[in-house]
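S.K.: Sequence:
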Amino acid sequence: MSQKVAVLGTGKIGEALLSGVIRSGWDPADLLVTARRPERARELQERHGVTAVTNAEAAKNADILILTVKPQDMGTLLDELAPHLPAADDQ
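The numbering of the sequence shown is the numbering used here, which starts it at 28 and goes up by one.
Honestly, the hints are just simulated from the structure, not real lab data.
Do not rely on the hints blindly, as some may be mistaken.
What the hints assert, rightly or not - For lysine-lysine, the following DSS-like pairs were computed, each having C-alpha atoms within a straight-line distance of at most 25 angstroms: (1) Lys87 with Lys97; (2) Lys97 with Lys39; (3) Lys31 with Lys97; (4) Lys31 with Lys87.
Unchecked claim - Derived Cβ-Cβ restraints for the label pairs, each shown as a range: (5) Arg50 with Asp106: 26 to 36 angstroms; (6) Arg64 with Ala115: 28 to 38 angstroms; (7) Gln99 with Gly52: 32 to 42 angstroms; (8) Arg67 with Met101: 32 to 42 angstroms; (9) Ala115 with Glu70: 34 to 44 angstroms.
Note that beta-carbon positions come from the ideal geometry of N, C-alpha and C, so glycine has one too.
Generate the whole structure from the sequences, applying the supplied hints.
M.R.: Here it is as structure tokens:
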């Protein structure tokens, strides 16, 4: 079974990381992305063949989360993700 990787925050840095992950051999079918704007999500799907999801869906379905949001947005993102992540003692 392959691992799912999600890139949350797909601005310039996030897309650069996404491109690198794909170039390193990851199957785009195993990659999830999140974007604030629906048009950006569609653009990434068309350009890279990845699946756009919500932050909550990424947290629930990905084995690896790559957070690439701006520092001032990190707290908000972590608060949004927290209810969807397994507790440390569930691991």
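S.K.: Each hint needs a verdict: does it hold in this structure or not?
M.R.: Here is what the structure says about each hint:
Annotation: proposed proximity of Lys87 to Lys97 holds, straight-line Cα distance about 22 angstroms (limit 25 angstroms). Note on Lys97 and Lys39: the hinted pairing holds, with a Cα-Cα distance of about 11 angstroms set against a maximum of 25 angstroms. Of the pairs offered as hints, the one joining Lys31 and Lys97 holds, with about 23 angstroms between alpha carbons and a cut-off of 25 angstroms not exceeded. Only pairs whose Cα atoms come within 25 angstroms are accepted, and Lys31 paired with Lys87 is accepted, the gap being roughly 10 angstroms.
A hinted range of 26 to 36 angstroms for the beta carbons of Arg50 and Asp106 is consistent with their spacing of about 32 angstroms. Judged by the Cβ atoms, the range 28 to 38 angstroms given for Arg64 and Ala115 holds: they are separated by roughly 33 angstroms. Taken as a hint, the range 32 to 42 angstroms holds for the pair Gln99 and Gly52, whose Cβ atoms sit roughly 33 angstroms apart. Separated by about 19 angstroms at the C-beta atoms, Arg67 and Met101 break the suggested range of 32 to 42 angstroms.
The given range of 34 to 44 angstroms is respected by Ala115 and Glu70, whose C-beta atoms sit roughly 36 angstroms from each other.
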